[in-house]
Amino acid sequence: MTTEFSTSDLDHLFDALVTRMEAERDALCRLDGVIGDADHGVAMLQGMSAARDAVRATNGTLQDKLNAAAKGFLNAVGASSGPLYATGFMRAAKAAGPRQAMPRKDTPLLIAAMAEGIAHRGKAMPGQKTMLDAWAPAAEAAGGDGPLTDRLDRVAAAARKGAEATAGMVASLGRAARLGERSLGHPDPGAVSAAMIVEEMARAFRG
Amino acid sequence: MTTEFSTSDLDHLFDALVTRMEAERDALCRLDGVIGDADHGVAMLQGMSAARDAVRATNGTLQDKLNAAAKGFLNAVGASSGPLYATGFMRAAKAAGPRQAMPRKDTPLLIAAMAEGIAHRGKAMPGQKTMLDAWAPAAEAAGGDGPLTDRLDRVAAAARKGAEATAGMVASLGRAARLGERSLGHPDPGAVSAAMIVEEMARAFRG
Amino acid sequence: MLTQKLINDGDAAVDEMLEGVLAAHGDILRRPEGSRRAVVATDGPREGKVGLVIGGGSGHEPTFLGFVGRGLADACAIGNVFASPPPQPAVEAAMAANGGAGVLFMYGNYAGDVMNFDMASEMLEMEGIEARTVLTTDDIASAPRDQRDRRRGVAGNVFIFKAAGAAADLMKPLDEVERLARHANARTFTMGVALSACSLPQTRRPNFDLPAGEMEIGMGIHGEPGVRRGPLRPADEVADEIMDAILEEMGASRGDRVAVLVNSLGSTPLMELYILYRRVADRLADAGLAIHKALVGPYCTSLEMAGASITVMHLDDELLPLIDHPCRCAMFREG
Amino acid sequence: MLTQKLINDGDAAVDEMLEGVLAAHGDILRRPEGSRRAVVATDGPREGKVGLVIGGGSGHEPTFLGFVGRGLADACAIGNVFASPPPQPAVEAAMAANGGAGVLFMYGNYAGDVMNFDMASEMLEMEGIEARTVLTTDDIASAPRDQRDRRRGVAGNVFIFKAAGAAADLMKPLDEVERLARHANARTFTMGVALSACSLPQTRRPNFDLPAGEMEIGMGIHGEPGVRRGPLRPADEVADEIMDAILEEMGASRGDRVAVLVNSLGSTPLMELYILYRRVADRLADAGLAIHKALVGPYCTSLEMAGASITVMHLDDELLPLIDHPCRCAMFREG
Ligand SMILES: Nc1ncnc2c1ncn2[C@@H]1O[C@H](COP(=O)(O)OP(=O)(O)O)[C@@H](O)[C@H]1O
Ligand SMILES: Nc1ncnc2c1ncn2[C@@H]1O[C@H](COP(=O)(O)OP(=O)(O)O)[C@@H](O)[C@H]1O
Ligand SMILES: [Mg+2]
Ligand SMILES: [Mg+2]
Ligand SMILES: [Mg+2]
Ligand SMILES: [Mg+2]
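Chains as they are written, first to last, in our numbering: chain A, 1 to 207; chain B, 1 to 207; chain C, 1 to 335; chain D, 1 to 335.
I should point out that these hints are in silico values taken from the structure, not numbers from a laboratory. Hints may be right or wrong, so weigh each one.
[Stated by the list, open to error] Short derived list, chain A residues pointing at chain D, Cβ under 10 Å:
1. 30
2. 35
3. 37
4. 75
5. 76
6. 81
7. 121
8. 122
9. 125
10. 126
11. 130
Where a beta carbon is used, it is the ideal one built from N, C-alpha and C, also for glycine.
Okay, chain A solo, but in the shape it has when bound:
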């Protein structure tokens, strides 16, 4: 296990993200079917697949690859997830910088950067029952200190907890907002997939 997170580690992260989304596609669609339009799993799988292809096709720095991921995801998907994840990946690209590798201890910053991008693009506030309710607590946990694995564990746990908490929220943004009280009791699909993505990132960063 090296102390560096390299471009090839990034390639593997995107492989893992695709595998995870493949496994979860139908479950995410079902969640979206309850309060949305049932396509979230399809969008996330298509987006991550395109991102993975773009990342693999790019021979460059972490920044280049993450920018390619952003573009690949966006052009394959559109929808809500497209602009949100594209902006997230672009912020992560900036945070990773034009390097072939970065210290693993700094990788939690990528999660914080993703969250910032998503918040910037979607203009959601925590508590509105969106993917930000998983990304924002993850970002907050990413800022903590202690050994890397502990921090990453806390990051993943925070995202998961955040996603679970959306079940208790009334949506006020996105497709589900028109549901009002009827959205209560059902987790937000975007928050649930966010927790999965954070978990895969944490696993990959840990090494």
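Since chain A is already given, all that's left is putting chains B, C and D with the ligands on it; use the hints.
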């Protein structure tokens, strides 16, 4: 029990036919669904209801009432059953003649007349898997001798047996003809409803 | 479990639909005085013109009543769901369409329709109105090629009626309209598949059972079983099977022109129809045939049945201008 | 149990549909050079004309791409099923539609669409092309009246796009086209019910569960849950509930004119739509409103969902000629 079959007996016969078709509508539709277009029960109920209404609205002879039944049935239904039963009722009207009542012992002739009308209109041959495969044997049995109740029992049994036998025939007329061998094993809905109608007529004629 | 429908009363569905159609398309359609189940084009029938009268069961909308209007059919007789109209509305439609040059009945070849329309023709004869009949028999799956006259009429109706309607609109005499109608029918070929059952408004139960993962090949437009049942296959393979059969029947030469209809039987959406059309266009191009006209959509339906049919009309110098002839119907417009 | 569809590969369905559309309607539509998911009208855009660009997810056909053509939209950006297109095709559509007088984006008000089209507008700004945006918000069930700008855009798109497209075709300047588009949107009201779920080509599973005997009232056009779930009721009662809500919102005066659309969400057949229309016409007559234009059919669908929506556009002297303005699109023609 009178020995005459009167216009008011005819009214009651049509009541019974409507009640029977009400009870059998969905079963006949299911049979038609297997080898046809699933509407036979609907057509027979609509037709008999309109015939009943027309019969009741006509203050005239048996002939008048049966002609009214023909017109009522036809105009309510169209389809295959419409012209067939309309022609059948018109022949029966002729056989009954311009009388208020007819001897019960002659009533089997009405069944034979119905069968003739149906054969004339549809130009079917026995064995082609149509309602004629119930009506034709009924008509033949109607020509037999012996006490009325025995004759009517034989008429009803012949119709039922004829209808059952259609399951073993390959259709060569009507909607099911395009099915070829696939029609084998399924009784013809028109023959099945014909056996029911013959049974109701036999019951009414018996008194 | 009853199927879900937006209706009031199953027995009233056809009459209520008709009221809605007349309310929406009063500029194009009206009911002849005293008639309940016939409609006539407001500006179709005229002195000296052959009257084209179409008809059949309901549940196939826009077929049949949607094709009444200037340039196409003059009048239509409307039956119950999947049931031929009785003779009476056919007579009323014919009387309304009659311009003194005779009337042509056109409808799909079904036992019930033949009996009812033949009775109507006899009644018209007594009125001194000459009524001829041309049956449509475009469903190549419904009988072998040497028994063409036993075949059913299905979605090809659209092109066949259109050709006949144009001929009548061009004031051709009855003999000629009849000849062109037969000619149009002889050159029109359809085959379809069904992916789910429909249900009648009265029973609200699936008309037949089709297990998941299967389709019915050669299905009629009333849910009558087709040629055979087989596993559901990809759209391109379905299009290929149908196009193989149609191209074989049609016997066209490279350079010939065709009109094509990719038709939804009801609930199959445009997305699937265009996926089919893409393959159909490829196959026609491979065969060296030029697509002169393409229709894609629900033109001849079976209530909410899922499935599609493909129709190809083999055009020639006579048919081409008839297919291009403008028409203005309640549910179909060209030119 | 997978739903039954005539497709090849769920992920390829939109692209294959688009190929079919271009093959069938090459006289009206083409793809801009190098573009995968944009279409432009062959004779729409022209020097000095405001370019009207519409777009949204697929699965609503004929909305959106079917409304591209002379007199209506100049170009369209095409997303995945129920998913906003990304910015790139929106930019390509805008470039193709641009006649130097600015571009107007029009689409339904959904979070995803807003984000993607806003990104497209930013990219166009960098190219020196002025792009304005008018969101459609006609679904009265999707938010209270005082939050009109949070409402969804649904089947009313047809009338709203048509009014804006006519204004652009009449060579009105960008300010005026934008004003009329907003005016058209403000006067258009839609509400729908769903009777069954649709399913995505990728998952082929019902998008949501709707127990037999129930309907979803105020359902969106992507299967998003509506206002509430209730027992399935007769067509007249459904029409009444919707018309009560629309008439209340519209606040029209006796003698006013309206355009009406009774729309199928997919598998609801014409028979049911006309039964609904019959009641809608009665209700409008009772309110003293004159129906100037009536559309009945599948205009804005959700794949094979069962259900229907009713749209009423409250016409005035500005909107009436725009609704009557001729248009010639791949899947919609007027005049
Ligand atoms: N403004 C927003 N900010 C953050 N997340 C959002 C916003 N709008 C929607 N989302 C997220 O997007 C998810 C839906 O994504 P997806 O199903 O792919 O797109 P769509 O809603 O276009 O179908 C929601 O569950 C929610 O988490
Ligand atoms: N030519 C014919 N002669 C006698 N019976 C016929 C003929 N054609 C059809 N039938 C009968 O009609 C029945 C179908 O009636 P129905 O379902 O009411 O009409 P349709 O076939 O028009 O839907 C068949 O089961 C068959 O018994
Ligand atoms: Mg979604
Ligand atoms: Mg039948
Ligand atoms: Mg029938
Ligand atoms: Mg979506």
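Quiz item: Which of the listed hints are broken here?
Solution: 9, 10
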